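Participant: Okay, here's what each chain looks like letter by letter:
Number of protein chains: 2
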Amino acid sequence: MAWTVLAEPGDGVAGALIAELGAVAALRLAVDDDPARGPAPAGGERHRGAVAEGLARWRLRADARSVRDAVRAATQVRARLIVPGDPEWPAQVDDLGAHAQLLLWVRGDVTALSSSPKVAIVGARAASAYGEHVAGEFSGELAATGVTVVSGGAYGIDGAAHRAALAVEGRTIAFLAGGVDRPYPQGHRDLLQRISGTGAVVSEVPCGTAPTKWRFLARNRLIAALSDATVVIEAGWRSGSLNTAGHAASLGRPLGAVPGPVTSAASAGCHRLLREYDARCVTTSGEVRELWGADHVDETESRAHPDETRVLDAMSPRAPLAPEELARRSGLSPARTSAVLGYLELGGAVRRSDRGWLRVPGGTQ
Amino acid sequence: MAWTVLAEPGDGVAGALIAELGAVAALRLAVDDDPARGPAPAGGERHRGAVAEGLARWRLRADARSVRDAVRAATQVRARLIVPGDPEWPAQVDDLGAHAQLLLWVRGDVTALSSSPKVAIVGARAASAYGEHVAGEFSGELAATGVTVVSGGAYGIDGAAHRAALAVEGRTIAFLAGGVDRPYPQGHRDLLQRISGTGAVVSEVPCGTAPTKWRFLARNRLIAALSDATVVIEAGWRSGSLNTAGHAASLGRPLGAVPGPVTSAASAGCHRLLREYDARCVTTSGEVRELWGADHVDETESRAHPDETRVLDAMSPRAPLAPEELARRSGLSPARTSAVLGYLELGGAVRRSDRGWLRVPGGTQ
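Sequence lines, in order, name chains A and B. For the first sequence, counting from 1, position 298 maps to 298 in the working numbering; every step adds exactly one. For the second sequence, counting from 1, position 75 maps to 75 in the working numbering; every step adds exactly one.
Everything labelled a hint here was simulated from the structure, so no lab data went into it. Here the structure is a predicted model, which means the values were calculated and not measured. All residues carry an ideal CB built from backbone N, CA and C; glycine is no exception. Check each hint, because a few of them may be wrong.
[Said to hold, decoys possible] Facing chain B, according to a computed beta carbon distance under 8 Å, are these residues of chain A, among others:
#	residue
1	Ala19
2	Tyr130
3	Val134
4	Val258
5	Pro259
6	Gly260
7	Val262
8	His271
9	Leu274
10	Arg275
11	Cys281
12	Thr283
Produce the entire structure from the sequences given, and follow the hints as far as they go.
Facilitator: Here's what the structure looks like:
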């Protein structure tokens, strides 16, 4: 916890030092007045030089009151702390190596972080109506069928993705660049509150920390690392979303980009991803789903009638849906949808609730 | 000439027989009452079977009057015939092998066929305003800088591409599925007339032949084979343009697709090309140009200041352009454009005409 106060996100020197000595011994070294008294870190001259530079920057922040303030602020907003080794720790982010975060502050449901699958839906703040529409469609359809939608809580695409997931009572995670006690942007205070009600608002920096440009860039690597796939809906030529996409690509995570009119500056970054990053062109939520492998599709299609698969694909284990809505999503007639639901119910694959139909997790057809 | 009356476009058996015996001996075999008297074609039983089937279909059309009518119609519209070996014969189409056309009927400038580079700009008849706009922009910018624009003369994207090339006094070729004496569609009679005035209207079928669905598909292979690259601007999910694109891909010709809104059915085929055919996403005429290699770009960029390259890229050796238009195309200020033009003129790379500035072919900077 103290380390997140001392070091900026993604500080590889801090990460390496903690991995080498453990957080406590590393901290002792960092806050000790005389570094010669601390344990001598292994490695050559260059390593020692990097540590010396680290010490110089960490000591400027070595202040017990800052740590106490961060803990107090976290307590006030009921943020939970999770660290590597906790059952809720999302193992995927360890792929970042020494640049991984040290811990995560979470408001809301910590289990959301280790839910699966998770897809990052990100994009421009200055989104077009087209972009927000597509973000809403994709996010709603994915969240309604059990996919956790990860985004950055920003205006534009991020907000549209979060809102659509909430609208279908799906699960969504907002990764903030500042502390989880500081809703940012301010205009999304209510949205972030709602997200923490059913999903999670997460940050690697301690409460009280302001979002800065660097922290936004660092935050983007976590969005990419945490998610099974990243989809960019709209992005300008130099959008921060391309940074998230670049992290996804370098981590070997599947990357999708939504095309748009070549006359729209808001799609220029997506087209750049298609041309330069070998991103996959995605035009439907089904194509997004294919990004992380067609496991779910294969599993059901091998056993079920295509219409059953289509209805099951449209259903969620948590968000009850009316038959009319299932017909709309599956593209089947209302009569056919009802018949298929009845058959699936007999087989235990779906169930009725007061508010609509639900998929039974692990249910057979 | 007689063979084009007897055989449908792309008749591989006719192609193989002509390659084996020569057109005259093959024709003698085809029109002879007793095939036993003709030269025995080489190859096994299967080959003989194919030839026997060919004879059965060719003889139904073996009628000297049909050939005379085709020649008379061609003479009336002043169509020229070119055959393999003629200096104007476009060697690229020989890549089609036995499925290559036997000859080409040309109205207009036969040298257009062997001009270089040539780009096919094709797409849906049921194009959107967006698609026609993009086709016009790309075609105009390419044609104004010496690229020959090849298309199919249809409504929608094809028409927009042809018109834009004519508007900048560039060169364009329309490939028809029927005879060159039969403007199709009728509503493009005037457009096709204008095309033959500076470029060429071309067909592999004799005059008097009606366009049929098969001939459209066969014609598409020629568009792809003739062009250094093919770009699909808009196409429905099952558009005929995907057929042209498939030919381009199987011939190893570069293939580009223009993205559009995922909500637009007119772009669904283009997105399919990006996803399934590994087409290159193209969003500007410059990116189209990259499809067939950056020869021109490399050549100038290695010697010229970037601004000079931008102005030269915007210029044509044949269509004079006003400085304002060059500024718009190059993205430089009018003042900077004038300065660059002056410098280029000193070096002999550009020249003034009464109607605007021209690039000097082969001119150094």
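Participant: Would you mind marking each hint as holding or not holding in the structure?
Facilitator: These are the hints, each one checked on the structure:
Look at Ala19 of chain A: its Cβ only gets to about 41 Å from chain B, farther than 8 Å, so that hint breaks. Interface restraint check for Tyr130 of chain A: the shortest CB-CB distance to chain B comes to about 6 Å, inside 8 Å, so the restraint holds. Look at Val134 of chain A: its Cβ gets to within about 6 Å of chain B, closer than 8 Å, so that hint holds up. Given the 8 Å rule on beta carbons, the hint for Val258 of chain A holds: about 6 Å separates it from the nearest Cβ of chain B.
Satisfaction of the interface hint for Pro259 of chain A is found here, the shortest Cβ-Cβ separation to chain B being roughly 3 Å, below the 8 Å cut-off. Residue-level restraint check for Gly260 of chain A holds (minimum Cβ-Cβ distance to chain B is 6 Å; threshold 8 Å). Hint status for Val262 of chain A relative to chain B: holds, with the closest Cβ pair at about 4 Å, below 8 Å. With its C-beta approaching chain B no nearer than about 5 Å, His271 of chain A sits inside the 8 Å limit, and its interface hint holds.
With a cut of 8 Å, the hint placing Leu274 of chain A at the interface with chain B holds, because the nearest CB-to-CB distance is about 4 Å. For the restraint placing Arg275 of chain A at the interface with chain B, the shortest Cβ-Cβ distance is roughly 5 Å, inside the 8 Å limit, so the hint holds. A hinted interface residue such as Cys281 of chain A counts as satisfied when its beta carbon comes closer than 8 Å to some beta carbon of chain B; here the least separation is about 4 Å, so the hint holds. Evaluation of the Thr283 of chain A hint against chain B yields a held restraint, the C-beta minimum of about 4 Å falling below 8 Å.
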